[in-house]
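A.B. asks: Please put together the full structure from these sequences, using the hints given.
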Amino acid sequence: MNLMLLIETMKFHKVKQEMAVRILFVFCYVINTGIFFFPGTDPDLTVIYNTLERMTQGDITMPPLTDGNMLFIGLSLAASILTFLCTFFYAALYTGEKEDIPTRDIIKRLILSIPAIAATGVLLIVPVIFSSFLLFIPMIFILTAIYFLPLNLIIGRMRLSEALASSVRDTRRARLFIFLQYLFLMFAMNLPESLILTLFQLRGVASALVSGFFLAASALMRGRLMGIFYLNLVKKVPVVIPSKPNV
Numbered sequence: 050m051n052l053m054l055l056i057e058t059m060k061f062h063k064v065k066q067e068m069a070v071r072i073l074f075v076f077c078y079v080i081n082t083g084i085f086f087f088p089g090t091d092p093d094l095t096v097i098y099n100t101l102e103r104m105t106q107g108d109i110t111m112p113p114l115t116d117g118n119m120l121f122i123g124l125s126l127a128a129s130i131l132t133f134l135c136t137f138f139y140a141a142l143y144t145g146e147k148e149d150i151p152t153r154d155i156i157k158r159l160i161l162s163i164p165a166i167a168a169t170g171v172l173l174i175v176p177v178i179f180s181s182f183l184l185f186i187p188m189i190f191i192l193t194a195i196y197f198l199p200l201n202l203i204i205g206r207m208r209l210s211e212a213l214a215s216s217v218r219d220t221r222r223a224r225l226f227i228f229l230q231y232l233f234l235m236f237a238m239n240l241p242e243s244l245i246l247t248l249f250q251l252r253g254v255a256s257a258l259v260s261g262f263f264l265a266a267s268a269l270m271r272g273r274l275m276g277i278f279y280l281n282l283v284k285k286v287p288v289v290i291p292s293k294p295n296v
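Residue numbers (my numbering): 50 to 296.
I should point out that these hints are in silico values taken from the structure, not numbers from a laboratory. Computed from a predicted model, the values in this text were never measured in an experiment. Hints should not be assumed to be uniformly reliable.
[As the list claims (entries may be wrong)] The list that follows gives simulated cross-link-like pairs (lysine-lysine, DSSO-like), each with its CA atoms no further than 30 Å apart:
id : residue 1 : residue 2
1  : K157      : K285
2  : K65       : K157
3  : K60       : K284
4  : K147      : K65
5  : K65       : K284
6  : K63       : K157
C.D. replies: Below, the structure is given as structure tokens:
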């Protein structure tokens, strides 16, 4: 794990397209907090948490979910998917600076890559299920192996099979470091969030608003981390740390 790389990853605002990043951050924040204010949703999922606790004791009775619960879960899933796309968009925006790719072109390329990304997500459903019985270790290996898939599709304009093969090749000697640095970043973001929620005893909407901020920030930081690794391992661009403000 690299502390300087972590600090550089957190500087997600340091890009030439600062306005695009600001809009992206606000969008990511709104979709992750808006689900709590959407009409008809019921964010109280206590019944699910209680059921999971009972399942550890052998009781697999399914909980009676309300329509509001189902709507909230569906919107949460949609928000998670959009958040992942925000991460990929930021990563492409960050790496695209080196090739002077305009933001408009990045958006077009992202949209065109969505079917391939979606197909990959569907193919990962079965590995996720089987990995759950093995502490998700196989899934961790798979995800680090295909880490550069989104950028290969967006920046490299590769076909899905080519993007997969390229990602597996380029991450071969760096998968453990990528995984550990990713965990380091998530821990660094989860710690202050947990402290704020605990110290101020925030619940309900207040908790959602605080968590939404950290979700949005973490999404862009993950994108910057992906971009840094992509530039260094794929494009062979030396990473300059600490970064300097754009002029």
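A.B. asks: It remains to establish, for every hint, whether it holds in the given structure.
C.D. replies: For each hint, the structure was consulted:
For the proposed pair K157 and K285, the alpha carbon gap of about 25 Å is at most 30 Å, so the pair holds. For the hint pairing K65 with K157, the CA-to-CA distance comes to about 19 Å; that is within 30 Å, so the pair holds. For the hint pairing K60 with K284, the CA-to-CA distance comes to about 21 Å; that is within 30 Å, so the pair holds. For the proposed pair K147 and K65, the alpha carbon gap of about 11 Å is at most 30 Å, so the pair holds.
At roughly 19 Å between alpha-carbon atoms, K65 and K284 fall within 30 Å of each other, so this suggested pair holds. As the CA atoms of K63 and K157 are separated by approximately 23 Å, the hinted pair is consistent with the 30 Å bound.
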